[in-house]
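So this note's numbering is basically just the index in the sequence shown, starting at one, shifted up by 214.
In case anyone wonders, no lab produced these hints; they're calculated from the structure. All residues carry an ideal CB built from backbone N, CA and C; glycine is no exception. One thing to keep in mind: the hints can contain errors.
[Stated by the list, open to error] List of simulated lysine-lysine pairs, BS3-like, C-alpha gap at most 27 Å:
| # | residue 1 | residue 2 |
| --- | --- | --- |
| 1 | K248 | K283 |
| 2 | K261 | K273 |
| 3 | K252 | K283 |
| 4 | K313 | K323 |
| 5 | K273 | K252 |
| 6 | K273 | K248 |
| 7 | K283 | K273 |
| 8 | K261 | K248 |
[Stated by the list, open to error] Ranges between beta-carbon positions, derived for each pair:
| # | residue 1 | residue 2 | range |
| --- | --- | --- | --- |
| 9 | A280 | D237 | 17 to 27 Å |
| 10 | E227 | K313 | 48 to 58 Å |
| 11 | Q316 | A277 | 57 to 67 Å |
| 12 | E302 | S251 | 23 to 33 Å |
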Amino acid sequence: MVSTVVNGINEPELNSLSMEILDNAELISELFDKIDSKIEELPEIYKSNSCLELINSYKDFRANYAVIKNNIVSYSDDLISLGNNMRENADYLTDMFVKYTQDTRSKTKEIESY
Numbered sequence: 215m216v217s218t219v220v221n222g223i224n225e226p227e228l229n230s231l232s233m234e235i236l237d238n239a240e241l242i243s244e245l246f247d248k249i250d251s252k253i254e255e256l257p258e259i260y261k262s263n264s265c266l267e268l269i270n271s272y273k274d275f276r277a278n279y280a281v282i283k284n285n286i287v288s289y290s291d292d293l294i295s296l297g298n299n300m301r302e303n304a305d306y307l308t309d310m311f312v313k314y315t316q317d318t319r320s321k322t323k324e325i326e327s328y
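Assemble the whole structure, with the sequences as input and the hints as a guide.
Printed below as a string of C-alpha cells:
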C-alpha cells in the first residue's frame, strides 16, 4: 500500500543536502591535495631541520584525511538512511492502521449481525 502519511522528513531536501555534503567532501579532498602539493614544495624552498619537522608533523596529520572524508561520506549516507527508515516506518504504521481499521469494521459488522 502506498503511504499518504506525512513522515516529517522532506526527502527531496534531504537528498539534496546529502548530495551537497558529498560535493563538499570532494572539495575538501581537493583542498587536501593542494595542501599536499604545497608541503611537497617546502624542502625546495626551506632547507632546515624545522622544515623537516613540519613535514613529518604534517605526514602524521595527513593520515587523518581519509578518516575525515569517510566520516563526511558516512554522514551523507546516514541522512539517506534516515529518510528511508522514516518512510518505511510511516508506510508500516499506515498499513497497520488500515489493517486494524478493517479488522475493527469487520468485527463491528459481525457483532451487529448477532
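Hints, one by one, checked against the model:
no.: 1; hint: K248 - K283; in the structure: holds, 15 Å
no.: 2; hint: K261 - K273; in the structure: holds, 18 Å
no.: 3; hint: K252 - K283; in the structure: holds, 20 Å
no.: 4; hint: K313 - K323; in the structure: holds, 15 Å
no.: 5; hint: K273 - K252; in the structure: holds, 13 Å
no.: 6; hint: K273 - K248; in the structure: holds, 14 Å
no.: 7; hint: K283 - K273; in the structure: holds, 16 Å
no.: 8; hint: K261 - K248; in the structure: holds, 21 Å
no.: 9; hint: A280 - D237: 17 to 27 Å; in the structure: holds, 18 Å
no.: 10; hint: E227 - K313: 48 to 58 Å; in the structure: violated, 31 Å
no.: 11; hint: Q316 - A277: 57 to 67 Å; in the structure: holds, 59 Å
no.: 12; hint: E302 - S251: 23 to 33 Å; in the structure: violated, 45 Å
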